[in-house]
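Enquirer: Chains A, B and C are the protein sequences, given in the same order. Under our numbering, the first sequence has 526 at position 202, and the numbering climbs by one with no breaks. Under our numbering, the second sequence has 274 at position 119, and the numbering climbs by one with no breaks. Under our numbering, the third sequence has 83 at position 12, and the numbering climbs by one with no breaks.
In case anyone wonders, no lab produced these hints; they're calculated from the structure. Values in this document were obtained by computation on a predicted structure and should not be read as measured data. The beta carbon of each residue, even a glycine, is placed where N, CA and C say it ideally should be. Take the hints with a grain of salt, since some may be wrong.
[Unchecked claim] Interface residues of chain A toward chain B, partial, derived using beta-carbon atoms under 7 angstroms:
#1 MET351
#2 THR405
#3 LEU567
#4 TYR571
#5 PRO599
[Unchecked claim] Just so you have them, the derived chain A footprint on chain B, three or more residues with Cβ under 8 angstroms:
#6 472–486
#7 538–545
[Said to hold, decoys possible] The calculated lysine-lysine pairs, modelled on DSSO-like cross-linking and capped at a C-alpha distance of 27 angstroms, are:
#8 LYS591/A to LYS186/C
#9 LYS186/C to LYS417/B
#10 LYS460/B to LYS125/C
#11 LYS473/A to LYS122/C
#12 LYS473/A to LYS125/C
#13 LYS173/B to LYS232/B
#14 LYS122/C to LYS186/B
#15 LYS473/A to LYS391/B
#16 LYS122/C to LYS486/B
#17 LYS506/B to LYS122/C
#18 LYS486/B to LYS125/C
#19 LYS591/A to LYS348/B
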Amino acid sequence: MPAAETKTRVANWLEERLGLAAVRELMAHKTVPVHSSSLWYYFGGITLFLFGIQVATGMLLMLYYRATTTEAYESVQFIMTRVEFGWLIRSIHSWAANLMIFTAFVHMFSVVFLHSYRRPREMTWWSGIVLLGLAMAFGFSGYLLPWNKVSYFATKVGADVASSIPWMGQALGRFLRGGEDVAGATLTRFFAFHVVILPATTIFLLLFHLVLVQKHGMSTPPWIGVNGARQMPFFPNFFLRELMAWYGALALLGVLAALVPWELGEKADPFAPAPAGIRPEWYFLAEFYTLKLIPNHVLGIEGELMGIFGFALLALWWVLLPLWAVNRNGMIRVRLVTGIGVLLMAYLITFSLLGYFL
Amino acid sequence: MKLLLAVWAALGIGLAAKDTCLDCHSVLDGKLQAPAAAFAGDVHAKRGFHCSDCHGGDPNAEDPQQSMSRAKGYLGKAPRTAIPKVCARCHSDANLIHKFRPQQRVDQLALYQTSVHGKRLAAGDNKVATCIDCHSVHDIRETRDAQSPVHPLRLPSTCARCHASKQHMASYKIPTSQFQDYQTSVHWEALAKRRDLSAPSCATCHGNHGATPPEVSSVAAVCGTCHVLFEDLFNKSPHQPVFAAAGQASCIVCHSNHAIHKPSTAMLAGDASVCAPCHDKESEGGKASAEMAGLIRRLDASLEKSDRILERARSSGMEVSEALLRQTEAKEHLVKARVAVHAFNPAQLRKPVEEGLAIASQTYSSGEQALVERDRRRLFMVVSVTMIFLTLAGLWWTIRRIEQNRSVIP
Amino acid sequence: MNWLLGGGFTGSVLSFLYPVLRFVNPPAVPEASVNEVNAGKVAELKPNSAKMVKFGARPALLIRVNETEWRAFSAICTHLNCTVQFHEAKHQIWCACHNGLYDLNGQVVSGPPPKPLEEFAVHIRGEEIVIARRA
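Bound conformation, chain A alone (with noise of 0.2 angstroms):
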């Protein structure tokens, strides 16, 4: 049988089973808009190419971490000196989570400045905002996994505050915790939702996120205009410069990896006083130094409540961007969301910087 022969009968078994017509029909017609500003379009790829790092390493971590408190350090250790590479899987797993939200907040922000969450796109706005939710709790829960000092009481701090929101705080921080401290409970805990709860709602989630971007397509600023952009073919212009995009992700892991491994630190003990300059991961900073400069009462109301308050607030008006964004004739107040959208970042980034160093 000559081998163009074979080659089609495979294709038509293969047809026959998995319909792949109908996805090769959907790559070729699916296009991106080319304009000034299509380099934002990457990032959406790059994270979702970084999720996929994390998943694929955090499935080898696995392979040795155990969560209990009396072992966690050390296993990480173990991961870090005995386990060939080990120190590099490890190393790209804490970078990689990192750079994953970095480029979440790039791709959110560069959303809001193309105006792209505006009608039919509002469910893939919320969708994306709860995915960046879960991201940040992915670091969260990640970051106590190596019980070290620094996590442990970054945790600590973390769930108490968490402990002082009114009326539901006390049954979320023991929840958060699972008891009244953080301890081995608190361990396991975070080690479910960090590799089952929360990775199983994220993929669920990431599926809905991608089926809405791929079912209204690429969105074109509103002052293009639909039919104003000229467009590139997905696959395989797109797909390729997507790819490099990626490599060059990889690039910048490898050596990031290599040159600034990932600190283990000291392995944490409950009863060691909290050590000075606690402080949270750099994507809760802005939020951890707002609660810091936050008076102790403010009107009469407990200074860490309003923030926390304030934040839910701010969190509230920002999802429902998509709504207030739109004026009564059905336009999109583009400067006025561009306008505050710059002001939030110049916030985010002034005072994450502000605890950073302070």
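With chain A held as given, fit chains B and C onto it using these hints.
Expert: Quick look at chains B and C alone, frame taken from chain A:
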């Protein structure tokens, strides 16, 4: 005896539920109010004792003439020379004290009478310290109460109130620099900076109630209560009989008394050597001290060298915690070598120094290995990143080729 | 130019796969055991004697009190981290640095130590002695 009975009565029957002393004195002003105000924090007040238990008088009488009448046993302010006996009425009475604190000692007065303070007081000198000068009066607290002037952290400055005062000490012709000296010592550092309450302060060496300077012959034993090994080695060393014969106070000869500083090899060799006043450089003793200094310095230097390379490895992200732990083991040998100096025989230092050196060379090579491993990682990374860049170049070229044929869709 | 893409791609994928394969391969020391350590044989220790055992990276003191009674403690003095030793004549645990004494339950008897020594559990399995961290 009458008073004692009054105390018993007060305790047993609670006659003194009313306390007219406090009632009046708390509304008087100035000096007359102060004792009543302070008494609330006093350990005696908390145990149910009253003014009258020390001062006599009748706390039930409303009329001051009555309550403070000599007929009712009113003593007023006890003369300084009588104070120890006033306190001892209860504190030397085992039956009474054990009601409150079963393990409390009752020999304070006996000890006090052996102290320099006690002897001078008995001779009529009322400038010396009595109970209330150290324990304070009217707000006397338990020793473990951090506000007590005899709490370990506050004891040195309490002694210094008199002993650092030139004026107060003038007639006794003794130095006043002890507190200042002590504040430069390792013991002060342990006590005040590390808050190690077990660190020695004045009373640890001089005794508390029986405060006396240790005699020349007992200095080694005093230091030896904590520094056992040093005392042992010293007592067996050739220095012991020589110092004893010369009336020299063993440890103090080299380490001084109050200003005890962290020892270093500079004490053994060089210009500041404490050996030099007796041992000429060229003499046998001079050579021995130089050799001991050399041994310690060698171990110290190689430990430091290992520390440096391990720190370099650690700061470039390598895991060297095991080697760092081995370092602490090696540093223990350094400590042993320093202890061995007190035998004043270089042969005794060789074993710990050699053991320390062996570990130091192992940890140094772990450091070297870590740095080699670091370079291996970097090489691997360079290869991988090169491959990535080749792929990127290939991708870019492919994109160019595709778009030459079929550019973007208009 | 295709060889550039193909070669680079193959090379880079190999450089990703190699570490992963090495990682999955179990290391020579199969696990970081920190909760238990083998402390030798029963016959090696006479009654009223002791020996040092490495527990993880830190020293532990194994004491045979009499024929049947065993004790094990962290050998690190709670005062300034010197290594303690068993004092056979005194029947106590002694720290030479500042004359700290602990009894055979690890409790402070005298001297500067601020708190008791951490005690480990001793299990005798046939002839083998195993020291374990207490839960």
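Enquirer: Each hint: holds or not?
Expert: Here is how each hint holds up against the structure:
Here the hint on MET351/A is broken, as its CB sits about 14 angstroms from the closest CB of chain B, past 7 angstroms. At about 4 angstroms, the closest approach between the beta carbon of THR405/A and any beta carbon in chain B falls short of 7 angstroms, and the interface hint on this residue holds. Against a cut-off of 7 angstroms between C-beta atoms, the interface hint on LEU567/A holds, since the closest Cβ of chain B lies about 6 angstroms away. Taken as an interface hint, TYR571/A checks out: its beta carbon lies about 5 angstroms from the nearest beta carbon of chain B, inside 7 angstroms.
Interface restraint check: PRO599/A against chain B, minimum CB-CB distance 17 angstroms, threshold 7 angstroms, status violated. Residue count for the stretch 472–486 of chain B with a Cβ under 8 angstroms from a Cβ of chain A: 5. That meets the three needed, and the coverage hint holds. Taking a C-beta to C-beta cut-off of 8 angstroms, the stretch 538–545 of chain B contributes 4 residues in contact with chain A, enough for the three needed, and the coverage statement holds. Taken as a hint, the LYS591/A and LYS186/C pair is honoured in the structure, with Cα atoms around 21 angstroms apart against an allowance of 27 angstroms.
At roughly 26 angstroms between alpha-carbon atoms, LYS186/C and LYS417/B fall within 27 angstroms of each other, so this suggested pair holds. A hinted pair counts as satisfied when its Cα atoms are at most 27 angstroms apart, and LYS460/B with LYS125/C qualifies at roughly 25 angstroms. At most 27 angstroms may separate the alpha-carbon atoms for a hinted pair to count; LYS473/A and LYS122/C exceed this at roughly 32 angstroms. With a C-alpha separation of about 24 angstroms, the suggested pair LYS473/A and LYS125/C falls inside the 27 angstroms cut-off, and the hint holds.
Annotation: proposed proximity of LYS173/B to LYS232/B holds, straight-line Cα distance about 21 angstroms (limit 27 angstroms). With a C-alpha separation of about 65 angstroms, the suggested pairing of LYS122/C with LYS186/B is violated against the 27 angstroms cut-off. Taking the CA atoms of LYS473/A and LYS391/B, the gap is near 48 angstroms; set against the 27 angstroms cutoff, the hint is violated. The hinted pair formed by LYS122/C and LYS486/B meets the criterion: a straight-line CA distance of about 21 angstroms does not exceed 27 angstroms.
Proximity of LYS506/B to LYS122/C is assessed by CA-CA distance (about 20 angstroms); at most 27 angstroms being required, the pair is judged to hold. Our distance criterion of 27 angstroms between C-alpha atoms is met by LYS486/B and LYS125/C, whose separation comes to about 17 angstroms. The straight-line distance between the Cα atoms of LYS591/A and LYS348/B is roughly 25 angstroms, inside the 27 angstroms bound, and the hint therefore holds.
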